[in-house]
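Q: Taken in sequence, the protein lines are chains A and B. Throughout the first sequence, residue numbering follows the working numbering, covering 1 to 199 in sequence. Throughout the second sequence, residue numbering follows the working numbering, covering 1001 to 1199 in sequence.
Treat the hints as calculated values from the structure; they're not laboratory data. Do not take every clue at face value.
[What the hints assert, rightly or not] Derived pair list, reagent style BS3-like, types lysine-lysine, alpha-carbon separation capped at 27 Å:
1) A:LYS154 x B:LYS1154
2) B:LYS1006 x A:LYS4
3) A:LYS3 x B:LYS1003
4) A:LYS4 x A:LYS137
5) A:LYS6 x B:LYS1003
6) A:LYS154 x B:LYS1004
7) A:LYS154 x B:LYS1003
It should be emphasised that the depicted structure is a prediction, and the values quoted were computed from it without experimental measurement.
Number of protein chains: 2
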Amino acid sequence: MTKKNKGLLIVLSGPSGCGKGTLVGELMKRGDCAVSVSATTRAPRTNEADGVHYHFISHAEFEQRIREDGLLEYAEYCGNYYGTPRKEVEAMRAEGKHVILEIEVQGAFQIRERCPEAVLVFTTPPSIEELRRRLHKRGTETEEVIEQRIARAKEELPYAEQYDYIVLNDALEDAVADLNTVIRAASMRPENTDLSGLL
Amino acid sequence: MTKKNKGLLIVLSGPSGCGKGTLVGELMKRGDCAVSVSATTRAPRTNEADGVHYHFISHAEFEQRIREDGLLEYAEYCGNYYGTPRKEVEAMRAEGKHVILEIEVQGAFQIRERCPEAVLVFTTPPSIEELRRRLHKRGTETEEVIEQRIARAKEELPYAEQYDYIVLNDALEDAVADLNTVIRAASMRPENTDLSGLL
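Just chain A, same shape as in the assembly (with noise of 0.2 Å):
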């Protein structure tokens, strides 16, 4: 028995402030792990550059991109389209990578209808307190958008009753085990899993 050479597809969501980004660097680490960049219609800002922060694509070509099956995942948000390339993430996972997006809910939903076996990981905080706490902390927010992304936290929190799996982001390093742990898991799923020696 052997595991599959193929990389696992590893879907991150979770409330703005619980620290999503820094796990996804903390995997990073790994050396097994890739990010997948999005594609986006919207226009770059001063810091960022294309094929890195995002594929920045015309309206035309993204429509193109839908209309061929080209993306995993897609939503329109104020009048721009953004979205996962298939292509770029079944490319990294041939090479055997494990590729994590980070996305939000419908977007995960969207990712199980086409891939079944990716595993949606829904990372919480340890408290709506704490997660006020954390975006007031964070300090790039004004306290009207602090309170607009705890709303929206609020909304997507049950949703995570609808994951593979919840990670409790408390302690960095704890979550970041936690997430190695089931990164682990999930390639002794049967689907990763090569029993062609054994029967």
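With chain A fixed as given, assemble chain B onto it according to the hints.
A: For chain B alone, coordinates are given in the frame of chain A:
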């Protein structure tokens, strides 16, 4: 967010000779794991104690338990019944113990029917040749019995695909670590997580 206090139900299957007993013994060292004692109608062997190796009960009592839905799974084998008492398992889980059941494929699927939250783990040997070597090394079975066990293993292995996780038992310490990983990951499943403080 907290973990639910209820223990997990972990079903361990796999061919005879692939080290299930040893693995269960290692898990018992965790302190938060317990094994369920099966009920059977067969007569005790000289070294077997009631309530330790089995609950030895009469045919009539066993059939009453079947009627009263008192068994999580049961099977008839060589004219005797063998089964897993529901109450005992539930009591241990209510105390927060992870209950480990070492049962064969059909029993495992009965458990899944009745307890959809059960975690089904299939242990495999690295190869059929290695399994044969281990059975020989054990030195307790005749050549004929060994070949029967090999034939049975070949029948069982395809069912591994229907389990939640497949754990390769090559080096014992790796297999123990893998089982601990599966248990930790399973405790992060939504059904084992209490989000009520967050919602």
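Q: Each of the hints needs a verdict: does it hold here or not?
A: Each hint tested on the structure:
With a C-alpha separation of about 50 Å, the suggested pair A:LYS154 and B:LYS1154 falls outside the 27 Å cut-off, and the hint is violated. The straight-line distance between the Cα atoms of B:LYS1006 and A:LYS4 is roughly 34 Å, outside the 27 Å bound, and the hint therefore fails. For the proposed pair A:LYS3 and B:LYS1003, the alpha carbon gap of about 30 Å is over 27 Å, so the pair is violated. A distance of roughly 43 Å separates the Cα atoms of A:LYS4 and A:LYS137; the hinted pair therefore is violated under the 27 Å criterion.
Distance restraint check for A:LYS6 and B:LYS1003: the Cα-Cα separation of roughly 32 Å exceeds the 27 Å cut-off, and the hinted pair is therefore not satisfied. Of the pairs offered as hints, the one joining A:LYS154 and B:LYS1004 holds, with about 21 Å between alpha carbons and a cut-off of 27 Å not exceeded. Between the alpha carbons of A:LYS154 and B:LYS1003 the distance comes to roughly 20 Å, so the proposed pair stays at or under 27 Å and holds.
Of the numbered hints stated above, those contradicted by the structure are hints 1, 2, 3, 4, 5, listed in ascending order.
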